[in-house]
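Protein chains: 2
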Amino acid sequence: MKLATRKNGTRDGELLVVSRDGTRGVVAHEVASTMQALLDNWDVLAPKAENLYAALNAGECKSAFELDISTLTSPLPRAYAWIDGSAYINHIVLVRKARNAEPPETLRTDPLVYQGGSDTFLAPRDDIPVADLSWGVDFEAELAVITDDVPAGILPENVDGHIKLLMLVNDVSLRNLIPSELKKGFGFFTSKPSTAFSPFAVTPDELGDAWQSGRVHLPLESYLNDAFYGNPDAGPEMHFSFRELVSHVAKTRWLSAGTIVGSGTVSNEDISKGSSCLAEKRMLEKIKTGEFKTPFMQYGDKIRIEMNKDGQNIFGTIEQTVVERTMEHRK
Amino acid sequence: MKLATRKNGTRDGELLVVSRDGTRGVVAHEVASTMQALLDNWDVLAPKAENLYAALNAGECKSAFELDISTLTSPLPRAYAWIDGSAYINHIVLVRKARNAEPPETLRTDPLVYQGGSDTFLAPRDDIPVADLSWGVDFEAELAVITDDVPAGILPENVDGHIKLLMLVNDVSLRNLIPSELKKGFGFFTSKPSTAFSPFAVTPDELGDAWQSGRVHLPLESYLNDAFYGNPDAGPEMHFSFRELVSHVAKTRWLSAGTIVGSGTVSNEDISKGSSCLAEKRMLEKIKTGEFKTPFMQYGDKIRIEMNKDGQNIFGTIEQTVVERTMEHRK
Numbered sequence: 001m002k003l004a005t006r007k008n009g010t011r012d013g014e015l016l017v018v019s020r021d022g023t024r025g026v027v028a029h030e031v032a033s034t035m036q037a038l039l040d041n042w043d044v045l046a047p048k049a050e051n052l053y054a055a056l057n058a059g060e061c062k063s064a065f066e067l068d069i070s071t072l073t074s075p076l077p078r079a080y081a082w083i084d085g086s087a088y089i090n091h092i093v094l095v096r097k098a099r100n101a102e103p104p105e106t107l108r109t110d111p112l113v114y115q116g117g118s119d120t121f122l123a124p125r126d127d128i129p130v131a132d133l134s135w136g137v138d139f140e141a142e143l144a145v146i147t148d149d150v151p152a153g154i155l156p157e158n159v160d161g162h163i164k165l166l167m168l169v170n171d172v173s174l175r176n177l178i179p180s181e182l183k184k185g186f187g188f189f190t191s192k193p194s195t196a197f198s199p200f201a202v203t204p205d206e207l208g209d210a211w212q213s214g215r216v217h218l219p220l221e222s223y224l225n226d227a228f229y230g231n232p233d234a235g236p237e238m239h240f241s242f243r244e245l246v247s248h249v250a251k252t253r254w255l256s257a258g259t260i261v262g263s264g265t266v267s268n269e270d271i272s273k274g275s276s277c278l279a280e281k282r283m284l285e286k287i288k289t290g291e292f293k294t295p296f297m298q299y300g301d302k303i304r305i306e307m308n309k310d311g312q313n314i315f316g317t318i319e320q321t322v323v324e325r326t327m328e329h330r331k
Numbered sequence: 332m333k334l335a336t337r338k339n340g341t342r343d344g345e346l347l348v349v350s351r352d353g354t355r356g357v358v359a360h361e362v363a364s365t366m367q368a369l370l371d372n373w374d375v376l377a378p379k380a381e382n383l384y385a386a387l388n389a390g391e392c393k394s395a396f397e398l399d400i401s402t403l404t405s406p407l408p409r410a411y412a413w414i415d416g417s418a419y420i421n422h423i424v425l426v427r428k429a430r431n432a433e434p435p436e437t438l439r440t441d442p443l444v445y446q447g448g449s450d451t452f453l454a455p456r457d458d459i460p461v462a463d464l465s466w467g468v469d470f471e472a473e474l475a476v477i478t479d480d481v482p483a484g485i486l487p488e489n490v491d492g493h494i495k496l497l498m499l500v501n502d503v504s505l506r507n508l509i510p511s512e513l514k515k516g517f518g519f520f521t522s523k524p525s526t527a528f529s530p531f532a533v534t535p536d537e538l539g540d541a542w543q544s545g546r547v548h549l550p551l552e553s554y555l556n557d558a559f560y561g562n563p564d565a566g567p568e569m570h571f572s573f574r575e576l577v578s579h580v581a582k583t584r585w586l587s588a589g590t591i592v593g594s595g596t597v598s599n600e601d602i603s604k605g606s607s608c609l610a611e612k613r614m615l616e617k618i619k620t621g622e623f624k625t626p627f628m629q630y631g632d633k634i635r636i637e638m639n640k641d642g643q644n645i646f647g648t649i650e651q652t653v654v655e656r657t658m659e660h661r662k
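For the record, the sequence lines run as chains A and B.
Position 190 of the first sequence, counted from 1, bears residue number 190 in this note's numbering, the numbering being contiguous throughout.
One gets this note's numbering by counting positions in the second sequence from 1 and adding 331 to each.
Simulated pairs of lysine to aspartate or glutamate, DMTMM-like, Cα-Cα distance not exceeding 20 Å:
1) B:Lys515 x A:Glu102
2) B:Lys582 x B:Asp441
3) B:Lys338 x B:Glu397
4) B:Lys514 x A:Glu105
5) A:Lys251 x B:Asp463
6) A:Lys184 x B:Glu436
By construction, these hints were calculated from the structure, which means they are not laboratory data.
In this text the structure is predicted, and so the values were computed from the model without any measurement.
Please take these sequences and the hints and turn them into a complete structure.
Structure below.
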């Protein structure tokens, strides 16, 4: 099942069910008013949404309409929790090297996560408003899951049933704010402005056999200014699976329905696969030539992120342009 | 105006208006169904709530009832953002010393904040469920504000009007999980389980002249197992005021209505004022005697946090007992 949220003048938008091919939608009034309301009562409401999805795909929905991605918000326009992991070892090693920091000693035994800001997400086609380019704007292409209520202390082997939906992420980062912020010891804050998510949130069965043991075995594609940038496989090199990430973040407290848990920037050791962020490419340049060459994003730079399977764009495309922050963007 | 949220079987509870003396309440159906709904449309709805508050205080509310604090949830049972500062220099210096870490170089110039988990808050009388006492359970008594929508890049001098409500906080911490977690570089996560807030969220005018330039000039009282533990003044030694904390966290993105921003553990240099957490007391013992004496919280230990002015318990009392985590607490 594919779901989306459409702008309707309210803070939480209206829930849509989207056809498998991503071209048509229907307002899911009869299921729930919002994505959060569906997640709050998933077991009761999801079967109704699945029925609507089947009818939509069969062309039996009279109220179906052609979907305009620019009318969509993030599947959850605001959420109660956005926790981002960093599960690709290759990314951690390269990015820490770029800022002359060591990978943590527990790199391979203890998942690295940070608590992100979840009150203001960007829509999949929203501009990325930045007041100062010297902050060093970067994109980070990732995957994320949305859970229902997860009990504290859950073991990895019991996580699967709690993963209700998956999305793509652009975890926008302000690279030049990171070193001084992390030096303070409390993690990211101003260096992580609002995050964007894919147009569609999809149930794991939409991934077919690409969804295995809490990993998505498909390439995650990024295009910078319409040129190929990277297509690393999100599966094999995800050191901690979503099972392990969710278990980790539920170690000392329970999670409530609608919690978003991210994979971290998808990254492969094979450099022919490109990267999912600028920081990695810059570090590879530094290793090879002694200097960073690729600049961080400038005003007008456009990033496109999507994931395809059997010719189908599973999550729809995140497509965002960096722009100068104006009064309007300040909300 | 004083507000609270009462359990009603839903995730967000029902909004109450509470009398100035904290003894009576009325369901605020006519204003908004939930605290978040009120915050989402504050300018329109708050005057209606103020009218109800005036009627309640005048004894003119027929549907008023005697308030039972144990029926309340956190004013926001779940929120879209909970960002905790650490604005009391004395606390930072002592606590870092306790874990053999240095205060950040920018201690006095750049506010220290972390993004907390906001999807599962504890009610003011909820037990604190902990699976393993070796995690080192501590309380932290703090103040927090709730904002409306705050524009990105706001200057400190423009923050006041965005602070709609204030609360007390028990920022429960698992001290022995902190060193290894902070060593990874991404800040707190498992070391900060669910946070508790005071029964009442109050508008700044309830503090009278104790609310000055984004600081609350009143002692914050803590009692451990019913014995006096600390009453440091929350005002003069708050190095960064709420104006500066809110401005800092809105540097690179806007904040949405219902964002909670905390002060960090209230702490005074004068040791006769006691402390607002165990870690500080332990460090003072270590400095004086060479060893930590006071243990972290054990099962059955009770913490009580409140703030009084002119004989009135402004926010109601947070009162929580540490208990062993059972299946029931795992939710």
